[in-house]
Amino acid sequence: MTALLLGLLACIAAPPPVLPCDDCALTDANNFAWSSTLDAPAWHLASGADATIAWDTLDRDFYGDPFDPAQDVGRVALVALPGLTPEDVADALAHDDLAQADVGLFVFCAPGGATTCRLSDFELFGNGMAVETYFVAGTGTWLLALLTPEDTIGAVAFLIPDAASTTTSVALTPDDSTLALDVDFRSLAPLAVRADEAFHVDWSGLTHDGLGNDLSLGTLDRLVVGRFDAPLSEVETRAHALTESADALWTLDVTGSEAELASLTGETPFTGIDGDATWLLALYCSSCLNPAPRFATVLVTAEDPT
Amino acid sequence: MSLLLALAACTQPNATPAPLTLPDLDGACVSDPELFTDVTAEVTAVPTVLRVRWAASEPVAARVIYAEDDAAAVLSTPDGATSAEAETLLLGLHPDRPVTLRVAAEIDGVQRCSDALQVRTGALPSDLPATNVVVDDTEREVRGWHAVAVIKEQARYATILDADGQFVWAYPVRDLFRATLSRDGTAMLANGPAQSWDTSGDIYRIPLDGGEPTLLSATGIHTDFVELPDGTIASLGWSVREFADGTRRLLGDTIVELRPDGTSSTVFDLFDHVTPDLSAEYDPVVVGGNATDVEDWSHVNSIAYDEASDAYFVTGTYNHSVLRVDRATGNLSWTLTDDPLTSDWEMRSSERELQMPHSVQLVDDDTLLVFNRGEFGDGASPTPCAFVSELDLDATAGAATPRGHYSSDACVTVPFLGQARRIDRHNTVVNWTSAGRITQVDRWEDTVLQIDLGLGTAFGSGEWVESLY
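Line by line, the protein sequences give chains A and B. FYI, in my numbering the residues of the first sequence are 1 to 306. FYI, in my numbering the residues of the second sequence are 1001 to 1469.
Calculated from the structure, these hints are not laboratory results. Wrong hints could be hidden among the right ones.
Covered stretches of chain B, going by a simulated chain A footprint (3 or more residues, C-beta under 8 Å) [stated by the list, open to error]: (1) 1113-1125; (2) 1129-1139; (3) 1456-1469.
To give an idea of the chain A side of the interface with chain B (calculated C-beta under 8 Å), a few residues [as the list claims (entries may be wrong)]: (4) 80; (5) 98; (6) 101; (7) 104; (8) 256.
Glycine residues also receive a C-beta, built at the ideal position from the N, C-alpha and C atoms.
Given the sequences, and given the hints that come with them, work out the whole structure.
Here is the structure:
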């Protein structure tokens, strides 16, 4: 009993030593937290009339990154969301919880290198959208999304068919739509591992993603470890493009809920982390609409107690 | 040592995985390792399905009891045939979970079982969509399994969802619209519809262990099918006929029976029973993204079969109808619409009960349950709310009277397929297909289960079953 009390006192008196793990169980406490705010314009357009959507001057995406309006748009999605306001849609997109049941209709335009689409160009499986029938007042908010060739979203706008409007053109310009990310890598419990050793991770205990939404483990299909030669505070600002901004990157396609990190592949074999750089481990869902990692944590080195 | 333990207890950041807590199946039977020998279990080509083999020291009718780690429910296969060795498949398991199992048999009134065996299921395809169970009233829902097609832009799967909306089975099938368990419970049936009236379509019979599928094929079969008691598949089919001295070609619908021996025949052709209204122009049929000169006339989208009366029921969007086809003769028995000029029944309703119907089920011999998409465009709503009609048929009076009408609390638009099925005396499963939603509603029309998919994913057609065995 005395020893137990002493042990408990030791807990209170000083922070416990962080022990490195070999078989590392990832928990929600290890996960980063993030939130986002989507700001996009709402265009009131003439009800039942064809209209032109142009993005020829759009040289930055909604993250503020460089954007080629001709090359970076693979197709344009137009989605009717009958029961939702633009604010509802922006909120649902930011929280990654837009449901298919919210959708009334969806159609696509393939601009083929052009920087405009007309409403009458949109179709689905070869069936065109009769603008005078479908794009009419009372059909709620229409989400317009410019999709990159990789099918990620580059910019968005909201279109609202309005009987009082005579507008028949939309011009998407830089800064019209912005997605502001608030990423927190500093409140999480870092994962402590031995320096210069690969290790094993098990994420079967994860229940929520970084947004706080329920996590479906079966959708996680890629594990990434990145080394950043920049402080964590700077890495946070590039959170929407972690893999692109890493100074070294190792990846592994995964199934199930565990992996040996010695199996990671990169330009060099993965031999563990060091204490000189910022290291992140992330789990991605490549089939999810939102490209953010579902899980990301900071890796730190620790030593065994002597 | 105690100090070290205490220190360890307050050092949490990098705990190693907890040892598995496996369910205690001991209470289910008396362990008798001498009765059951050589018990093995392996993950099959569908990684959530386990194949268990065993040998017994004497012939027994055995089953397998099994449970996932920490699961509340212990599952069981049915008793097999009396044999000294056998194998069976364990179904209904979740991906990537440890499973404990025992082979068990009742001998002289005592349940005897093998030693416990522990196996881990594998992962299902990672591009299966996440499901979101929005409502789950376990006391009021009828718990069962949803065999259903899942449709994404890049992939389609035949799947099984459990009562909690979690995938327990999946198999990729290109272009499928429907997935349903075979009547004998050994396979998933799925369709690969023809791309046009003159190309071949397929019905796949996929063993539940993911083994090589077998195919039944026929020209022009499309969209929906139903299995008959003898294993014959009745599928919707297409046919094209010329009208107006060959100046117009119209696409109509047929019923094609594909027999287990590989033969097939058209047993019903709507053109033989209904004359198209040539004063109307119909939308062009689109094949491979290109409009053709063939007009899409009848646009039948669902088929059901009633074993008691040996009759087919199909839904036609050309005149918002339900059609009954007598299987023995191939005759059109009757047509039900809201329009007295085309209906063989008097529809006693002030509302339109049939609007783009997309599924029909005969319930209790004299009631029809119909899923209606609602009418799109051309003066109607661009985004209509889908709904389910329940119609009593009074053969003596020749009248159809609405008994119930169900629509979701929030308007749900279903531009593609749609399905309603009564699953017991009161509860109904509604599959809002392209809206990525399945609900179960009870007798008071309250939603007692709601499974949603995220943006960009949809359900195809399927069937609810109470048991996987």
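Status of each hint after checking the structure:
Residues of the segment 1113-1125 of chain B with a Cβ under 8 Å from some Cβ of chain A number 3, which satisfies the need for three, so the listed coverage holds. Coverage of the segment 1129-1139 of chain B by chain A holds in this model, with 4 residues showing a Cβ closer than 8 Å to a Cβ of that chain against a need of three. Under the rule that three or more residues need a Cβ within less than 8 Å of chain A, the assignment of the segment 1456-1469 of chain B holds, with 3 such residues. For residue 80 of chain A, the interface hint holds, since its Cβ comes within 8 Å of a Cβ in chain B; the closest pair sits about 6 Å apart.
Annotation: interface hint on residue 98 of chain A holds; nearest CB of chain B at approximately 5 Å, less than 8 Å. Taking 8 Å as the C-beta contact cut-off toward chain B, the hint placing residue 101 of chain A at the interface holds, the least distance being around 4 Å. About 3 Å separates the beta-carbon of residue 104 of chain A from the nearest beta-carbon of chain B, less than 8 Å, and the hint is met. The beta carbon of residue 256 of chain A is positioned within 8 Å of a beta carbon in chain B (closest approach about 5 Å), and the interface hint is therefore held.
Hint compliance for this structure: no hint is broken.
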